[in-house]
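> Since the structure of chain A is provided, determine the placement of chain B on it from the hints.
Chains A and B supply the protein sequences, listed in that same order.
Under our numbering, think of the first position of the first sequence as 1, with each following residue one higher.
Under our numbering, think of the first position of the second sequence as 10001, with each following residue one higher.
It should be emphasised that the hints constitute simulated quantities derived from the structure, not laboratory data.
Think of the CB as a built atom: it goes at the ideal place given N, C-alpha and C, for glycine as much as any other residue.
Where hints are given, some of them may not hold.
Stated by the list, open to error - Facing chain B, from chain A, some residues (calculated, C-beta under 8 Å):
| hint | residue |
| --- | --- |
| 1 | Ala-118 |
| 2 | Glu-255 |
| 3 | Arg-259 |
| 4 | Arg-284 |
What the hints assert, rightly or not - Footprint (simulated), chain A over chain B, 3 or more residues, beta carbon under 8 Å:
| hint | region |
| --- | --- |
| 5 | 10784-10790 |
| 6 | 10877-10883 |
Unchecked claim - Now the stretches of chain A that chain B is said to cover, found in silico as 3 or more residues with beta-carbon under 8 Å:
| hint | region |
| --- | --- |
| 7 | 142-154 |
| 8 | 177-185 |
| 9 | 246-254 |
| 10 | 378-391 |
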Amino acid sequence: MTTPLSNKHAGAMQRDTPTDRGALRGVTRRHFFQDCGVGVGKIALASLLAGNPARAASRRADPLAPKAPHFEPKVESVIFLFMAGAPSQLDLFDYKPKLAELEGKPLPPSVIGDQRYAFIRPDAGLLGPRFEFAKHGDCGAELSSALPHLAKVVDDIAIVKSIQTDQFNHAPAQIFFNSGFPLPGRPSMGSWVTYGLGSEAEDLPGFVVLSSGGGTSGGAANWTNGFLPGAYAGTPFRSTGDPILFASNPPGVDERAQRDTIDLVQALNRRRLDRLADPAIETRINAYETAYKMQSRAPELADLRSESEETLAAYGADPDAPSFARNCLLARRLVERGVRFVNVYHKGWDHHSDVESGLRDQCGQTDQASAALIADLKQRGLLDKTLVVWGGEFGRTPMVESSAANNRVNGRDHHPQAFTMWFAGGGVRRGVSIGATDELGFHVTDDPVHVHDVQATILHLLGLDHRRLTYHYQGRDFRLTDVHGHLIDKLLA
Amino acid sequence: MKRVQSLIAVATATVVASAVAREEPVDYVRHVRPILSAKCFFCHGPDEATREAGLRLDEEQAAYEDRGGYSAVVPGDPQASEVVLRIEETEPSMQMPPPDSGKSLSPDEIDVLRRWIEQGGEYRPHWAFEPVRRPGPPDGAAAHPIDRFIGRRLTEQGLEPAPPADPHTMVRRVYLDLIGLPPSPEEADRFAANPTDEAYGELVDRLLASPHYGERWARKWLDLARYSDTKGYEKDRPREMWRYRDWVIDAINADMPFDQFTVEQVAGDMLPAPSTAQLVATGFHRNTMTNEEGGIDPQEFRFLSVVDRVNTTGTTWLGLTIGCAQCHTHKYDPITHKDYYAFFALLNNSDEPTLALPSAEADRREAAVGSEIRALSDSLAERYAAKAATGEAPPLEDAASQWAEEIRGLLADWTPIRPEQVETNLPSTEVLPDASVLVSGDVTNADRYDVKLDPATPAVTAIRIEAIPDESLPGGGSGRRTITENDGAGLGGFLLTEVEAVAHGPEGDRSIGFAAATATFTPPGLEPAMAIDGRADTGWTVHGRQRERQSLVLRFAKPVELSPGEQLKLTLRHDSFYPAGLGRFRLSLTDSELPVEATGFDEPTAKAIRTPETERDDTQRGLVRAAFLKRTPVLQAEHDELAALRNQMIERPTALVMRERTEHPRETHRRHRGEYLKRREQVEPDTPSVLPPLPGDGPADRLDLARWLVNDANPLTPRVVVNRYWQAFFGRGLVKTSEDFGLQGEFPSHPDLLDWLADEFRSNGWSRKALHKLIVTSDAYRRSAAHPAAADVDPENRWLARASRIRLDAESVRDVVLESSGLLSPKLGGPSVFPPQPPGVTEAAYGPLDWVVSTGEDRYRRGLYTFNKRTAPYAAFSLFDAPSGESCVPRRDRSNTPLQSLAMLNDEVVVEAARAMAIGLVQNDSAPRERAVAAIRRCVTRPPEPQEVASVLRFVEQQRERLESGQLDALRVLNAGPSIQWTFDNGAQGWTARNDARLVPADGRLVVDATGPDPFVGVDVEAPAGRYTLEFDARLAEAGSIELYWTTLDEPTESPERRADAKAPADRWGAYHLEFATNGPLRTLRLDLGAGPGAAQLDSVRLAYGDGLVSLTAGDDPVELAAWMLACRALLNLDEVVTRP
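Next comes chain A alone, as it looks inside the complex (with noise of 0.2 Å):
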């Protein structure tokens, strides 16, 4: 009758005390029993046939198991393309001709408010757009020329053009797209769609962080499970050696050797779960048998070269040297094998000095494989299963930021009020704009989009209704969205 995420279930999917409902509905589709190889399984189902409950707990007790979402969902996974330090949306997607026009003449301050600003004075001239634009697709939407890949696939996604945000200070800002705060420490986006929805994914972690260009400055905070149980933190593939932090033997240990030392340790835990009866101890014997296989995929998921030619081309990817490229390739092969949320990370955005080459250098870095991502997606009939999402944290000035003292020209400043992003896939109206700005690019004008707005549409495409998805804690119940939050309808098809 309820789902499983009402308040009174959200504090019993805690660990050790195991009553929530929807995991059991997840035992017969998370297909365990009948494909795990090495007995343990079927020793775990015959105890629930023969309704032992401790056992049936511990089973129940999988965080990750899918659970039923709220309503019929359009998508079942998301990659989420954050571009970390903020893309200008005046030199990418929001053409401003009348920047031009004005290029060094001040904002008048009825326009500027009491808006504050990291580096620049407010009275600091416009700049005008630093790329051509022109239009494309048969929606003709108006791109800048430093994306031409994005160009081809214009006609897949939808632009909002009317982003809003509270934060002007990168960390702050990045946390709070992921979170829905600007302190660290709640739950990210990822960790409360796995805890919403589980995972498909019965041998990987439900949540993947990849990231590429650097570290973000929000840090760890963009992917915490915060109050959440731990296991829907997001789990931060490496972009050189085993992408799972402690995936590969130790020295000298093989495949075999692993197994041997694997089936000891579940054979003496086997004898205490007999002796003791807590279902933790079972919980902990098919965490082993996940890690095991979790082990063995992790290299066959990470090796691209098993990728056609064609595909690498496609996306730009050197099959062994970490890039944004190569990211966007293992997130589509993340997807495919059932992870719920991947983020991909690319950091480098952050222009505050000369955006024109600074552009061109990221996006030379990022277009193609953003692009290729898409097509390669609906090519094999994911996208209408999967939701892309691509932005930053907030957008850039319409005025100039410029400093002798610290060698900036020609660059572009934090701007909370306005930028871009653009989203695909599932459920999301395709080949659309949404929303504008004014002829400066400074407000919005038209269908405001605030990054609460955005947190509740991604959710909702998953299934999931913001409001309804909540954890209590602390005397309260929590949400990503807050106390805010409302669908983009413009972007719904």
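Coordinates of chain B only, in the frame set by chain A:
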């Protein structure tokens, strides 16, 4: 299927605690309010802003009130009560809670409300806000008072308690609980041989006296204190917090009474004549994060850190979610929006200094630098004379006179002037006796000082601004900059972006222009005139030289003549993307008509230089000579060296502390919706009105708050604290929601016991050790965990018929693994350490951190000493649910995940522990069976069952076969092997000069003389393929790199592909550590020791197979060791290892 359904029924019943048996009277506190609170108070509770229909149901009077012919609650008459009518209503527009609210009442809940009204609809205050009572323990046979409280509940629930745990389990349990480490099997056996209450009591006393007790319980406190070793946010730079951690460990070990423990941490700085330790204790509230991202508003983040302090104080002592009232009146608890800011005000009047701690070492170094400076200064004349003697420089006397003559015209007669008035945007100022202005208080990114002067001279031609270093300023500099580069540079600096002058009079301001700017120092590439160029983004700074007095001289375009009533007003602007104000400055004026410049001479020297040569007396001549020596380009190298010495930061041990403001107290304002920018009315400091008032009159401060927290009248602190300890021992608090004692919190399972313990704790002088002893000596604590019948009916173990098995904390997992293997270092306290973790963990952080693995015993310290970087926490700890120190955590989650299994199987720490354990086992020349028993017992303490031993032996046999047959390589598994050492005590020991070098005979080391541009030495070795570590001491004549090349049987030529290197400083011995791996058997090593001429030296070279931490000797059997190592690794993975039994 049927069974599954019944399971759901059980689960639901435990969740809906409000279902009350028909025959039981309904209790307002336990049954009714939880329903009202969860379902009704959001709209009909304390918060006026969201109150619907003007109705509140959280107060008796309001609920009974006549609302025009009807009342919400009519005692005794459910049919007349609007509440009942509305909750039983089915018409959606009338129904309560409204269907679209997402809340609904179950039939059971409706029944409870109806029966409550039927039985009189009585309201009672929230239990947690009521005074602590001292209930007598109930009657009963049990000797221990705790057991009588528990026993009564068990009887009520019809539960039989489990028998006592077996002695081995008991020893392990109490060890892990009290000191966080496992016992040795021998220790456990000693107790098991004589498991009397008396022996148990002695065991407990021993553990309470162990210094590891402090470490164990400090870690729990550090969760609340949100301890971390970095600042958080984007830059997340390191900071020195560990002395606070040491303070906590020491205080707990000394059993400092909890009330004192509280007062010293919250307000130790405000105690009379506080000791250094009491100041360090205030680090508790300095654990808040510091945002150093460029362009932030520093006051906004200061505000946010006070928010964190309020929330943390609320959670830690009061168990209240007071933080909920930051934005609006609490939805459930009687804490108003104003209450929140009144509490905030108590914590809002502190400065946050860095305290330099006494350090003989730093004193010694400072004295050493001081004498170096003196010696060098004193030698200037001599050095000059030497140059003059060779004709490199003219004779001193002549040169000095000539120089004085040249600069005479630049020197003015400066008169320091005391400002009439200093106004700032925010910082506080104080005029010191020398007429300088010392700035303190809050900072912004645009600090502006308006200084009004009354010049005594009629025509001012120039103004001098001296930047003066001061001990009170960051790093002892002259500016207020706290944000530094990664190398620490910039601390105590400033950026004076603009100086503006006006003649300020009753008629208005007349602007005054500057003509020129000069400074005693400006970093290369910058100009002093940037302070008067009209640009906000450029300015004068003395970056790198801020620990010396420097000055800026600004010449007016024309002499300033003020009319009567006019003042000279100077505006000093510091606009940057970080706070960069001058910290101490002095203004001087001159009426000199010379084109004066900044020179930095003291007055007597300036006067001496201005005096015509013929008129100078001997003293003045001496001054001129001395000044000349300090400036002459002939001694430029010496001057640079002196400047470097003066600006050298002597690193002093520091602690971050609080300091209450006595002057310029901060005002606190309510913030609309909790937003920093939405400042509303001023609020006076106070505690929430629902709690007992602060004793005493007058404005309350932080010390009052600290004492109030542990005041006898405060019912929350003792309850909250004992409940958290109970949670630590039983896995669940008597109040399950240990973080929330408010109306949304769970009602205590044993309210009488909670109060009895709270009172007991307080009356025992707030002694933690006494409380812990009381708890662990109860039967309830000493029960067996195996009790399937109780597990079925009480899966959460609310009634404590059995013991709960508890997954260890992340740090304890590490400690137990290391202690079981014998590797754990017992060292107490000190700076944080860097144990091994996989490379790249800190890769995802914005602020880079080189994770240089600690050496020696620091590699094996207890988990609580591991360096915590907030944005990239230690990987193995995150996996085991350790907090990252970003907020106060009263209760950790305990998960059980595959990623944890991977860490236990493959983490280097566990693998090393397994190896150490195996070496210990195999060295004891015992039979395999005994060895297996010993291995198991090291990991789980208890004696193993025969089948367990058999399984282990079978495994060892299996692995031994594979090792012997070569399917597994023993040395690789061990990651260790024989090592070869060269001490050079008897000559070169096989090392030869291979190119451009010759070996010089030397005693106990290898001395290499370069004979050409590319010297290197080498040695032949015979060693198997694998991973290697080469360790050596070396000293190069010139800074450069040391390169290692190796060849193997199959790859006999040197190649950049087989190369490792390290950087070496000039002329200093260093210990080097190079790791490399070979594909085939190793044959030669070659070391390139720098490229320059001169000698390189080499000593103590050791080539070790594997990680180099252990090496095998002739008697070792690698196969045997490897087989047992694999077994130990498996055993360290047992559930029992990471679970408190």
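> Determine which of the earlier numbered hints do not hold for this structure and return their numbers in increasing order.
2, 3, 7 and 10
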